[in-house]
Amino acid sequence: MDVRTARRRLFVDGLGIIVGAVGFGFVFGLAARTAGHYSAIEAMAMSLVAFGGAAQFAAVGYVASGVAWPVIVVFTGLLNARHILYSAALAPWFRGRSFRERAFAAHLVTDESFALAIAHFRRVGRFDPVGYWYPAIATTLIPWNLATFAGVTIGDAIVEPRRLGIDVIFPAAMIGLAVFLVTGRRELVAAVAGAVIAVLVSLAVSPTVGIIAGGVVGPVVGLIVPASRPATDLPLLEDVTP
Amino acid sequence: MTTDLVPLAFLMFLVTYPSRAIGLLAPGIERLPRRALDYLQLVGPAVLAALAAVSIMVATTDDRPVFTIGLPWLSVAACLALVAWRRNLFIGLAAAVAIAIAGRAAGLA
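First to last, the sequence lines map onto chains A and B. Residues in the first sequence are numbered from 10 upward in steps of one, following the numbering used here. Residues in the second sequence are numbered from 5 upward in steps of one, following the numbering used here.
Only chain A is shown next, with the shape it has when bound in the complex (with noise of 0.2 Å):
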């Protein structure tokens, strides 16, 4: 797909992930001040520092708990240590971009600026700088920190968020980004195993073991299948010019 065809795609899609962040975002902000009884700042801090939204809202059920804060921050560290994996499957598409340039994109690796990333990499067969710091920073940090922000000052005019669907608006997000990167017989195996796996363990251990479960399993059961296709998606060393 020419990069013209590619990045008009990619727009249209991270309009739908803006929804998403903007929803989520404000349920973030708003759960922050109600249940964690976090000021405007400390939600701030949490989500332009931290920047992570599962973990965020893990942090404010943990912290209304009482728990303390080392262990808050290793289950944030569990929780967010699918990063890994989308940071070295993004790692061949920046070779050869500045160290400045991959220090300061790593901070913006989410769920949603991966997928829509990685989509758009495929679909042009190369790096484009485009497909990273839009679905990054005008999809992602932008909304977030501003729906944050609304969450956390006006939120309280809303009396039930879960009337308006808000509360949907993150697990549909993430399976329709899901979809999108579901482009052969193993990526669907994938989905479906990290999802089945992920939802056992999760009831047997803990909702975070098993999100981290379903993500290192999930892939493992899916390379037990047959490629349906040469498997091309990712550039190869030759195939990069540094």
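In case anyone wonders, no lab produced these hints; they're calculated from the structure. There's no promise every hint is true.
Some chain A residues near chain B, calculated using beta-carbon distances under 10 Å [unchecked claim]: (1) I26; (2) I27; (3) I50; (4) W78; (5) Y95; (6) R111; (7) A115; (8) A124; (9) R172; (10) E196; (11) A204; (12) V205; (13) A222; (14) V225; (15) G227.
Chain A stretches covered by chain B per the calculated footprint, using a threshold of three residues with CB under 8 Å from any CB of chain B [unchecked claim]: (16) 176-185; (17) 197-203.
Partial selection, computed: residues in chain A whose CB lies under 10 Å from chain B [what the hints assert, rightly or not]: (18) D120; (19) R171; (20) S211; (21) V214; (22) I221.
Predicted model only: the values in this text are computed from it and were never measured. Where a beta carbon is used, it is the ideal one built from N, C-alpha and C, also for glycine.
Model the placement of chain B on the given structure of chain A, informed by the hints.
This is chain B only, laid out in the frame that chain A set:
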């Protein structure tokens, strides 16, 4: 306005940034064997599906995770079907939210 939790945000950053940066900054990570790259390619679908499934199927009651069935299943299934059909996330999310709103207005959980 309190700032007591700001240091916690920085601690969370300190344990999150390395996992985000190791792949992008570690030299030679792209020289992984083909099998490892194939594995990494499957991580996205697996993690995203895991996050979605746990969000709608697992609730925590009295500090215990329990299996749950509810309206979000329908919303998420509709989103999945629409995105797969139309390849448009915005339409999928709009449908998911519309179903949730309509369902709750009708008294569903």
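Going through the hints against the structure:
1. I26: 7 Å, holds
2. I27: 9 Å, holds
3. I50: 5 Å, holds
4. W78: 6 Å, holds
5. Y95: Since the shortest Cβ distance to chain B is 7 Å, the answer is holds.
6. R111: Where the cut-off is 10 Å and the nearest Cβ of chain B is about 4 Å from A/R111, the hint holds.
7. A115: 4 Å, holds
8. A124: Holds: closest Cβ of chain B sits about 6 Å from A/A124, inside 10 Å.
9. R172: Status holds, d = 5 Å.
10. E196: 5 Å, holds
11. A204: This hint holds: A/A204 lies near chain B, its Cβ roughly 4 Å from the closest one there, short of 10 Å.
12. V205: 8 Å, holds
13. A222: Since the shortest Cβ distance to chain B is 8 Å, the answer is holds.
14. V225: OK, holds: A/V225 within 10 Å of chain B, min 8 Å.
15. G227: With Cβ-Cβ at 3 Å, under 10 Å, it holds.
16. 176-185: holds (count 10)
17. 197-203: The restraint on the segment 197-203 of chain A holds, since 6 of its residues have a Cβ under 8 Å from chain B and three suffice.
18. D120: 6 Å, holds
19. R171: Because about 7 Å separates A/R171 from the closest Cβ in chain B, which is inside the 10 Å limit, the hint holds.
20. S211: Check passed: Cβ of A/S211 comes within 4 Å of chain B, closer than 10 Å.
21. V214: Given a least distance of 8 Å, the restraint on A/V214 holds.
22. I221: Interface hint status for A/I221: holds (8 Å vs cutoff 10 Å).
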